[in-house]
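Heads up: the protein sequence lines correspond to chains A and B, in order.
Numbers in my numbering are just positions in the first sequence, counted from 1, shifted up by 702.
Numbers in my numbering are just positions in the second sequence, counted from 1, shifted up by 702.
Rather than coming from a laboratory, the hints here were simulated on the basis of the structure.
Note that the structure is a prediction, hence the values are computed from the model and not measured.
Any given hint could be a false lead.
[Said to hold, decoys possible] Facing chain A, a subset of chain B residues (Cβ under 7 angstroms, in silico):
id	residue
1	D743
2	L759
3	S802
4	S803
5	S813
6	I945
Where is the CB? At the ideal position from N, CA and C, for every residue including glycine.
2 protein chains.
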Amino acid sequence: MHEFELIKKYFSNLSSYNKSSLDLNDDVFFDKSKKLVISIDTYIEGVHFIDFRYPGLVIKKILRSSISDLICKGVYPKYYFISASGNKKSFSKNNLKKISSSLNQEQKKYSIYLSGGDTVFSKKLSFTITTIGFSNKIISRNRAKVNDDIYVTGNLGDSFIGLKILKKKLNLSKILNNYFQKKYFCPEIYTNISKKLLSLANTSIDISDGLIADLEKLINKQKLSYILYFKDIPVSKNLKKLINLKKIKKQTCISRGDDYQILFTASRSKSRIIAQSFKDLGIKVSKIGKICPVSQKSQIIDEKNKNITLKNKGYFHSF
Amino acid sequence: MHEFELIKKYFSNLSSYNKSSLDLNDDVFFDKSKKLVISIDTYIEGVHFIDFRYPGLVIKKILRSSISDLICKGVYPKYYFISASGNKKSFSKNNLKKISSSLNQEQKKYSIYLSGGDTVFSKKLSFTITTIGFSNKIISRNRAKVNDDIYVTGNLGDSFIGLKILKKKLNLSKILNNYFQKKYFCPEIYTNISKKLLSLANTSIDISDGLIADLEKLINKQKLSYILYFKDIPVSKNLKKLINLKKIKKQTCISRGDDYQILFTASRSKSRIIAQSFKDLGIKVSKIGKICPVSQKSQIIDEKNKNITLKNKGYFHSF
């Protein structure tokens, strides 16, 4: 069963008395009166990260992915909690040193503080990370309007190539291998745009499961559709090289997830101020499509207005 | 490595800038300026619960155990979050119905609200539960004073007998089997004493790992010792029956954990008001010992002042 249907069918009724849960239909919890914003995510070895060969990098990846949930909502994280389950091997002295040193670096980079958690013994390695921030308001899901522009920060697909390299399904030059693997482990989180987004975006999400998967989640309760312009979906210079060399097709890698870019929609009237705001902060942003009435079919089109079908639209958790 | 040493060695430095973490040495996080109290616990199949034969009961047990963390600190829980990892079998329709129905009952019983979480696929079943409450103050660990009385609510050991029955290591009459198994799955949480405790107790903890294990945790940063009066450690009428029938020894079952009773210390001057307050609310409370200067050795003594040694002092998580 699809994760959404599952939540809806068996758990939505339990949260219906409680507005702050946002109907369990957002990535965060928001108690407006307490100004409290919370995000909780579980990461399992073999599902959310391949293995624990690089504990320091895995910890960076999952912590950034957790922070990203708040940042894309216009909220700056303050505290984080880690519940770690694992065995003696996963939590050897050497690994713990690496984890601790990575957390220390991330704390300094993002001004966040380890605030608690739990450590339990388990054969299977997993982490649950809770991040907490305080804010008067957040950017919610399902607030897109017809004719809104659709934007995405940074580039898509690099992380997917990094994963392919780590899985030994692709091998490039040493420099390119390093570049893409770094993009997989250390997504850039644009903390400095976060508060500004509150006044620019109508609705937002971070791309963890894939461009299309997350775009559909973003408007899942709205009667809307979208059009995306294939050529405007941003990829890095290095990924462009691979595409030009026919090592991979663009349509294969733009909706595979783990990008942790911000996907948002905004009124067309905000177009100029968005371009300027992102330029001022040195953050790449691309207008990649627009929101349409539900009477139209959602589609991705190329320069000749031809429909492009993606084989992979991203990751949908199912049971 | 012992869970405490592990946390201390590798993670305490990461939380040192952050007073709210209570040095990672309490079961809760407390941000005084935001009045925010948080508890996070992870429960693993085979470690924290035997198996998932009774999903509705397992969910009750782990949710109550999470609530208990806040209640024993004088804080009433308001929100809870569940991150569930499991496979198709664990989260079959039938099991989800049972989980949902149990959560519904618990929400009504404790006036708490499901507020979010995560559902992910994993071969191994585990849950991380986050509970949140709001309070101006909490009862901290490590605030005992020399000559404080040591108190415990309810009875100890019933849950351990329930576990033995579930593991088929003990078989009693149907009525007794049911009684003890219920004590294992559905610990009673004394929500109505919680706020009152703030003015009565100097320091407190809930007993999850075992009377002695948790008493030692309660004062782990203080230079103190304790004396416990064996005969005053409370057990139920049903457990007394088993002890009288020599089916089990009292010393075997009073410090095995999973009791979720409140263990606290209080000034001797509060003795009368404590007895009266608990009586008014219909909650059993027993004075079981006192806090001593570190020059004395911690001990449990019988009526003839003879030392009693417990083989099992409770559960210490180690890696």
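Against the structure, the hints come out as follows:
1. D743: holds (5 angstroms)
2. L759: violated (17 angstroms)
3. S802: Nearest chain A Cβ about 4 angstroms off; hint holds.
4. S803: With a minimum Cβ separation of about 9 angstroms from chain A (threshold 7 angstroms), the hint on B/S803 is violated.
5. S813: violated (10 angstroms)
6. I945: Since the shortest Cβ distance to chain A is 32 angstroms, the answer is violated.
Of the hints listed earlier, those the structure fails to meet are numbers 2, 4, 5, 6, in rising order.
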